[in-house]
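S.K.: If you want the building blocks of each chain, they are given just below.
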Amino acid sequence: MALQPQNGIITPEMAKIPQGPLEKKWTNYKDHQKLVNPANKRKLDIIVVGTGLAGASAAASLAEMGFNVLNFCIQDSPRRAHSIAAQGGINAAKNYQNDGDSIYRLYYDTIKGGDYRAREANVYRLAEVSNSIIDQCVAQGVPFAREYGGLLDNRSFGGAQVSRTFYAKGQTGQQLLLGAYSALSRQIGKGKVKMYTRYEMLDLVMIKDENGEDRARGIIARNLVTGRIERFFAHAVVIGTGGYGNTFFLSTNAMASNGSAAMQMYRHGAFFANPCYAQIHPTCIPKHGDFQSKLTLMSESLRNDGRIWVPKKLEDAKKLQAGTLKGRDIPEEDRDYYLERRYPAFGNLVPRDVASRAAKERCDKGFGVNNTGLAVFLDFSDAIKRLGKDVVAQKYGNLFQMYEKIVDENPYENPMMIFPAIHYTMGGIWVDYELQTSVKGLFCIGEANFSDHGANRLGASALMQGLADGYFVLPYTIQNYLADQISVPRMSTDLPEFAAAEKAVQDKIQKLMSIQGKRSVDSIHKELGLIMWDFVGMGRTAEGLKTAIKKIDEIKKEFWSNVFIPGKADSLNNELEKALRLADFIEIGRLMAVDALHREESCGGHFREEYQTPDGEALRQDDKFSYVGCWKYTGEDKEPELIKEPLDYEFTERKTRNYKA
Amino acid sequence: MDQNINIKVKVWRQAGPKEQGHFETYELQNIFQGASFLEMIDILNEKLISEHKDPIAFDHDCREGICGMCSLYVNGHPHGPDQEITTCQLHMRKFHDGETITIEPWRSRAFPVIKDLMVDRSAYDKIMQAGGFVSVNTGGVPDANAIAIPKPVADEAMDAASCIGCGACAAACKNGSAMLFVSAKVSQLALLPQGKIEAARRAKAMVAKMDELGFGNCTNTGACAAECPKSVSLANIARLNREFICAKFKD
Ligand SMILES: Cc1cc2nc3c(=O)[nH]c(=O)nc-3n(C[C@H](O)[C@H](O)[C@H](O)COP(=O)(O)OP(=O)(O)OC[C@H]3O[C@@H](n4cnc5c(N)ncnc54)[C@H](O)[C@@H]3O)c2cc1C
Ligand code: SF4
Ligand code: FES
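Chains A and B are the protein sequences, given in the same order.
Read in order, the letters of the first sequence are residues 1 to 661 in our numbering.
Read in order, the letters of the second sequence are residues 662 to 912 in our numbering.
If you are wondering where the hints come from, they were derived from the structure by calculation, not from laboratory data.
Careful, some of the hints might be misleading.
As the list claims (entries may be wrong) - In silico lysine-lysine, DSS-like type, Cα no more than 25 Å apart, as pairs:
#1 LYS518/A - LYS708/B
#2 LYS714/B - LYS568/A
#3 LYS190/A - LYS865/B
#4 LYS190/A - LYS909/B
#5 LYS812/B - LYS389/A
#6 LYS787/B - LYS194/A
#7 LYS638/A - LYS503/A
#8 LYS865/B - LYS192/A
#9 LYS708/B - LYS526/A
#10 LYS312/A - LYS287/A
#11 LYS714/B - LYS518/A
#12 LYS557/A - LYS503/A
#13 LYS16/A - LYS632/A
#14 LYS835/B - LYS865/B
#15 LYS405/A - LYS755/B
#16 LYS312/A - LYS365/A
Keep in mind that this is a model prediction, so the values were computed, not measured.
Sequences and hints are given; from them, build the entire structure.
M.R.: What follows is the structure, given as structure tokens:
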């Protein structure tokens with residue numbers, strides 16, 4: 001039998017943390033895990049949902065090893081997964097710059113950046129495999145930036161004092177994903193991966209084994225072109241469906257990014273870990289109107305050379321807000337470079353949560369610089385003076401162009417305006433060291449799991465984690481599970497479990513279609529987004545979170561009684577797709593609020609206003625909250641049950657994060 | 662300064678791949694010029710939904726010019742009248758009050774319409790599956806700095822690699838040729854030492870697949886590069902031709 005939590009506590013045995021010193025754990029694991037021999041690999045089918053960095057790298061690697069892979073994505077091509085939009089870069093502990101970097105240092109920065117809320121063993125493994133990722137990508141032909149000597153170039157990202165970020169112009173995610181996509185394409189061409197594009201997973205199928213234990217054995221998916229609901233079997237299911245930032249409606253995520261697969265897993269017994277840990281990215285283009293459909297990120301790499309400021313004088317801020325003054329006209333002595341002032345050691349390169357809160361603090365005090373008062377400046381005039389316009393253009397040209405197309409203002413001449421926006425979710429489905437969820441045979445990789453970033457993710461570490469999971473971790477750990485499955489024959493999708501799962505999906509769709517109310521899906525989603533931003537955003541309070549829960553419950557009622565979906569269910573229907581996703585966003589929003597309410601401390605991206613130091617920094621409560629907060633589904637409209645995985649730091653001393661000195 | 666404008670949009674509506682399509686015209690009032698083009702379609706769709714009509718189907722995802730999902734012929738241009746951008750990056754400030762804007766799907770033999778403005782571009786994926794990769798498996802590769810690559814070469818490979826696979830090149834071409842797309846991948850990989858080894862075979866396999874899938878021949882009109890949102894250069898086509906001749910020569 002699989003291990004279960006004891007008295008609501010997940011033990012290290014259940015989390016499958018290998019024995020031994022930190023730096024030996026992964027090697028020990030690999031030395032002793034079970035493997036599947038080549039002849040048996042051919043007999044095993046694996047479903048991989050998602051073609052982002054995590055899904056594509058996993059699908060390609062598993063197929064190369066000999067497994068039969070079924071791979072799914074919503075977009076019309078695997079190359080278009082949301083990972084494509086990542087701009088800034090990917091971290092690795094190569095120490096090519098000889099600036100003192102090491103695996104330990106990358107580990108330490110990540111643990112500290114996550115505010116000591118991640119698992120030590122996982123983070124160390126991440127740092128350990130980071131170097132192989134860069135090697136792999138270069139071998140695939142990823143055109144990383146190089147120096148004149150022909151070797152790879154690096155830049156700095158927030159939360160680190162070394163240069164360990166590899167990049168490909170401002171299109172790193174694109175190039176890494178195209179690398180993984182090319183490996184995937186090769187396997188599709190060979191027939192080892194069967195690719196299903198424009199398909200959306202709508203449920204997981206569980207079948208009991210001979211011991212009466214549930215195992216993930218397949219999925220139900222909707223063909224988005226024909227509207228047909230289809231059944232798929234596999235010996236194991238891997239989910240790499242990305243994060244749930246779009247709960248906020250406005251985010252930097254792509255339009256189809258969603259949390260539905262996570263909710264499907266959750267409803268089948270997988271724990272949802274730390275849902276309240278969401279990252280608000282400090283440098284996004286401010287909102288410009290109610291019709292707005294998404295927010296655009298300006299890469300963190302801009303903080304290498306850009307300086308963030310607001311005016312010192314309130315009267316200047318008022319004029320900026322009224323549009324009678326331009327940023328460039330404010331003299332140097334009247335500018336408040338508040339990050340450099342508050343955090344001299346890290347300056348503009350403090351981690352994202354710190355930078356975002358500092359921007360909010362200034363804007364709350366009235367120093368915002370645009371018509372809504374919700375923006376700060378990101379200024380390149382010093383960099384242009386120091387490096388010349390050409391060098392700045394070479395480094396950031398495409399980002400500047402993007403900004404100008406959206407805002408209609410030239411950032412070479414007038415400072416950019418930026419404001420925080422929801423960007424990434426550290427929380428996600430709980431997985432053990434093997435990336436297996438609390439449901440047997442169900443694995444979760446990439447942003448969709450909770451694993452490595454604790455309460456806050458450092459820049460350039462999501463790409464690292466997605467590819468680590470997909471290329472170098474899952475292909476090993478999944479074998480430990482599959483080794484016992486070689487005698488399990490392929491099952492028919494006519495089994496009653498498949499039929500029942502399909503019927504439940506059909507019923508849900510029918511229910512949605514038959515509401516025929518007055519509200520569009522988006523109008524309800526926008527309402528949810530505002531509640532999330534106001535009460536579950538950058539500054540949270542017990543009172544606000546209780547209000548949020550109440551309001552979200554009302555939205556749920558409104559949605560299920562008054563949504564209108566045009567068209568038919570059995571044909572292409574974008575509104576139905578959006579409605580199915582929104583139904584889950586509403587549940588996730590509530591779960592985020594419940595988790596945020598229970599966590600009476602501030603850590604990383606989770607800031608409870610009741611818990612801060614006198615100068616406004618996050619105040620952790622290690623004695624009470626040093627654990628992963630896992631939520632277990634107990635039934636529709638029932639309160640979830642809290643299960644804890646204690647985080648006992650064995651190898652690293654927990655300190656107060658300090659970016660000042 | 663951005664203002665509110667009133668416009669008409671003439672949109673291609675087609676219920677399914679085998680149905681007859683037609684243009685339909687809609688009027689929109691008070692569209693803010695700071696809105697993106699796709700946000701304008703969102704507004705129109707919200708209006709259609711409120712009238713219990715079928716919203717316009719169109720492809721989009723990242724809405725920041727990188728995923729290649731958005732398409733659309735706007736006023737006769739793939740990705741609209743602005744330069745070096747995708748449709749999702751187009752803003753309403755490029756249009757004036759009272760204007761009628763025509764919106765059509767990609768029109769190319771190899772990209773059949775699925776519904777309204779959505780087309781099937783899986784042919785591009787199939788070309789990639791035929792050879793758009795370096796044949797390496799995960800693991801067992803040399804250190805990333807083992808091979809130095811001159812910066813100008815790496816930069817050129819990066820420029821070729823910026824292709825987002827949107828299909829505008831084939832849609833813009835009167836012959837429906839996919840040469841710009843194919844040449845971008847062939848060039849990126851042929852320029853780098855890692856990809857050079859298979860360069861000839863790759864060029865041949867990808868071109869053969871392109872022909873098989875019904876894309877037309879390249880007659881060097883240059884329409885593709887003129888409309889490419891990522892400024893992928895025609896020089897790539899010249900390089901592809903060289904690799905291709907080289908491959909034929911070896912046969
Ligand atoms: C604008 C932006 C910039 C970023 N920049 C950086 C950066 O510079 N460095 C960094 O490290 N990180 C960055 N990040 C974060 C990083 O890009 C993401 O965390 C990461 O790419 C997520 O990868 P993934 O594979 O987990 O998921 P995704 O790339 O989101 O892929 C999800 C996949 O799942 C599929 N899918 C989802 N639901 C379903 C379903 N129900 N059925 C079928 N398929 C489904 C989708 O079609 C897609 O293929 C950035 C993020 C954003 C938004
Ligand atoms: S070459 Fe240009 S137009 Fe053609 S697919 Fe690539 S980005 Fe689009
Ligand atoms: S929607 Fe991604 S490029 Fe336009």
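S.K.: For the pair supplied as a hint, LYS557/A and LYS503/A, confirm whether the alpha-carbon distance does not exceed 25 Å.
M.R.: holds, 23 Å
S.K.: Given the hinted pair LYS714/B and LYS568/A, is their Cα-Cα distance within 25 Å?
M.R.: holds, 12 Å
S.K.: Quickly compare the C-alpha distance for LYS16/A and LYS632/A to 25 Å and report which way the hint goes.
M.R.: holds, 19 Å
S.K.: Verify the proposed pairing of LYS405/A with LYS755/B, using a straight-line Cα cut of 25 Å.
M.R.: holds, 10 Å
S.K.: Is LYS190/A close enough to LYS865/B, meaning Cα to Cα at most 25 Å?
M.R.: Holds, at about 17 Å.
S.K.: So if I understand the rule, the pair passes when the alpha-carbon distance is 25 Å or less; does LYS708/B with LYS526/A pass?
M.R.: holds, 16 Å
S.K.: With a cut-off of 25 Å on the C-alpha distance, tell me whether LYS312/A and LYS365/A pass.
M.R.: holds, 11 Å
S.K.: Between LYS787/B and LYS194/A, is the straight-line Cα distance small enough, at 25 Å or below?
M.R.: holds, 13 Å
S.K.: For the pair supplied as a hint, LYS865/B and LYS192/A, confirm whether the alpha-carbon distance does not exceed 25 Å.
M.R.: This hinted pair holds, its Cα atoms lying about 22 Å apart.
S.K.: Just to be careful, I want the Cα atoms of LYS312/A and LYS287/A compared with a cutoff of 25 Å; is the pair within it?
M.R.: With Cα atoms ~24 Å apart, LYS312/A and LYS287/A stay inside 25 Å; holds.
S.K.: With the threshold set at 25 Å, check whether the alpha-carbon distance from LYS518/A to LYS708/B stays at or below it.
M.R.: holds, 12 Å
S.K.: Holds or violated: LYS714/B with LYS518/A, Cα cutoff 25 Å?
M.R.: holds, 13 Å
Comparing the model with each earlier hint shows no violations; every hint is respected.
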